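Enquirer: Here is what each chain is made of, one letter per residue.
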Amino acid sequence: MASARTSGLPRWVLVPAAAGALFIVLPLVALASRVQWGSFWSLVTSDSSREALLLSLRTSGTATVLCVVLGVPMALVLARTSFRGQALIRSLVLLPLVLPPVVGGIALLYTFGRQGLLGETIDVLGLQIAFSTTAVVIAQTFVSLPFLVVSLEGTLRTAGQRYEVVASTLGARPTTVLRRVTLPLVLPGLAAGAVLSFARALGEFGATITFAGSLEGVTRTLPLEIYLQRETDPDAAVALSLVLVVVAVLVIGLVRGRSNAL
Amino acid sequence: MRSIVVSAASILLLATTTACGTSDDNGSDDAATSSAPQDTSITVFAAASLKSSFTELGSAFEKANPGVTVTFNFAGSSDLVAQIQQGAPADVFASADTTNMDKATADDLVAGSPTDVATNTLEIATPPGNPAGVDSIDDLADPDVKVVLCAPEVPCGAAAAGVEKAAGISISPVSEEQSVTDVLGKVVSGEADAGLVYVTDVKAAGDKVRGVTFPESSRVVNTYPIAALTGSKHPDVAKAFADFVAGDQGQAVLAAAGFGAP
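As given, the protein sequences belong to chains A and C, one line each in that order. First residue of the first sequence: 1, per full-length UniProt numbering; consecutive thereafter. First residue of the second sequence: 1, per full-length UniProt numbering; consecutive thereafter.
These are calculated hints, taken from the structure and not from any lab test. None of these values were measured; they are calculated from a predicted model. Glycine included, C-beta positions come from ideal geometry on N, C-alpha and C. Any given hint could be a false lead.
Partner residues aside, some chain A positions facing chain C, computed with beta carbon under 8 Å [what the hints assert, rightly or not]:
| no. | residue |
| --- | --- |
| 1 | 41 |
| 2 | 114 |
| 3 | 115 |
| 4 | 130 |
| 5 | 209 |
| 6 | 227 |
Could you build all of it, start to finish, from the sequences and the hints given here?
Expert: And the structure:
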C-alpha cells in the first residue's frame, strides 16, 4: 500500500491530487493552530464538556449496538436474497445517508413525537421519548444504520457463497451456516461497519438538535455542546472540536488497521 | 476488502458534508460583483428575528432608490458578527442585542455609532390548545409542564434567565435550545407545552401558537441596534439604509411586526 507506484500515471495528476489533499488537511491545521494549549485541558475537562463527551460516547455506543442488531439482518437479506422491489428497498435504506440530518430530525419528530405517527402508541406504553436520551439514540441510529448495512452488504457480496454452499451440502442447517460460516467470514467487515456507524453517531448534530433538543447531561451531545459554546466561548468550541477530530482520526486508524490485517 | 474501506470512507465523507449545521450564509458574497457600474448593491447582515420586516423594508428601499439592490444574510447575531470579523462582505449590520453590536464596535468594524431601531420582549408561546393550561409565568415553574427555553449562552436565553429572576421563579426546562426559532419549533410541533420566545415570534407564528403575555416581561428588554460598517464599498448607501430603518417607514414596519420602539 505504501510503495510508490507511479508507472503509467501522468505526472500532472499529482498537482490536483496534492491540492485536494491540502484542501482537506489545511482546515484541520488551521483548527489545531487556534487551540489555546495553555487552557486546553481545563477547557475539555470542564463539567459541561465532560458531560457532553460521556453522553456522546454512551449514546453512540448504544446506537452502534442497535445498528448491529438491526443492520446485520438487513445486510444479509439484501446480499443473500433477491425479491421484487429489492433495488427500491436498498435505495430507501440508504436514504438517511444522503438526507440532510435536519430533515431526518423533522421526520423522526413526526414519527416518535407526541403528535407523531406513533406518538399515541408510545404514550399508551407510558414511554417518554421527547427530550430524552432515547431520542438522541434514535436520531443517531437513524443516520448511522446505512453505514453498517452498506459496508456489510459489500463484504458479504465480496466474500461470496462458496463456503456457505459447502457447509449446507454437508448438512448444516441455515442458522448453523450463518453462525459458523457467514458471520465469522465477514467479521472484519462488520467491525469496520460498526466503527463507521459509531463515528457517524458521534458526529450526529442536525437530527439530534431538531428531534431531541439540547439539555446538559440528557440530550446535549458533544457536537451540540460545541455549537453552543461557539456563542460565548470560541476557545472551548475549538478545543472540543479538536477532541472530535482526534476521535475521527482514531476511527479511521481502526478501520484501516482492520482492512490491512486481511 | 480495500475497496470496501475506500467506499466506506467516501460514504463517511459524503455524510460529513451533508451533516453540517444550520448556518446560512448563502449567496451574499457575489452580490456586489455582477452589477453594472451605475447600479449599487449592498449586503445587510441582520438578526434572524428581523427577517420578515427587513425583507419588506429592503424592497421598499429599492423602490425608493432606483438602481440600488439590497441583499440580506439572516442568521443569529453572534454568527453574523463572527462572519463580519472574518471579513464577510457586509455593508450594514443589524443585531438582536447590544452585546454582539459591541463586539463589532470594539473591532472598529462599525462606521460612526450604532442606532437603536427596535426593542423586543419575551412572551410565553403554547401550542394552540394550550394542553398544559399555562396562564402565567408561574405555571412554567410547574415540573409537569414541559418548558423549552433558549440556552443561557444565546441572547433569548439570557433574556429568559432575566425573566425568571424578575418573576422570582425557577424553571427546569426539558431542553435549552440554540435559537428562538428552535424553541418555537418545539412548541409548534406540540413537543413542548410552553416556551419563552419573543413577542414578534408569537405574532409571526399566527395561529400555530397561542401567546400568553405576562407583566414581568417588561423587566427584560432586548435592544436592536443597526450600523453601517467600515468595510462597505458604498458607505453612503449603507448609511442611507440604516437611516431608512430608523426613519418613519422603517419604524412603522417594525411596529407592525410587534417590535417595540427603541
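Enquirer: Compare the structure with each hint and give your call.
Expert: Hints, one by one, checked against the model:
1. Taken as an interface hint, residue 41/A does not check out: its beta carbon lies about 22 Å from the nearest beta carbon of chain C, beyond 8 Å.
2. A cut of 8 Å between beta carbons decides the hint on residue 114/A: the least distance to chain C is about 5 Å, and the hint holds.
3. A hinted interface residue such as residue 115/A counts as satisfied when its beta carbon comes closer than 8 Å to some beta carbon of chain C; here the least separation is about 4 Å, so the hint holds.
4. Contact between residue 130/A and chain C, as hinted, is supported at the beta carbon level, the nearest pair being about 5 Å apart and thus within 8 Å.
5. Hint status for residue 209/A relative to chain C: holds, with the closest Cβ pair at about 6 Å, below 8 Å.
6. Interface hint status for residue 227/A: upheld, as the beta-carbon distance to the closest one in chain C is roughly 6 Å, under 8 Å.
Checked against the numbered hints given earlier, this structure breaks only hint 1.
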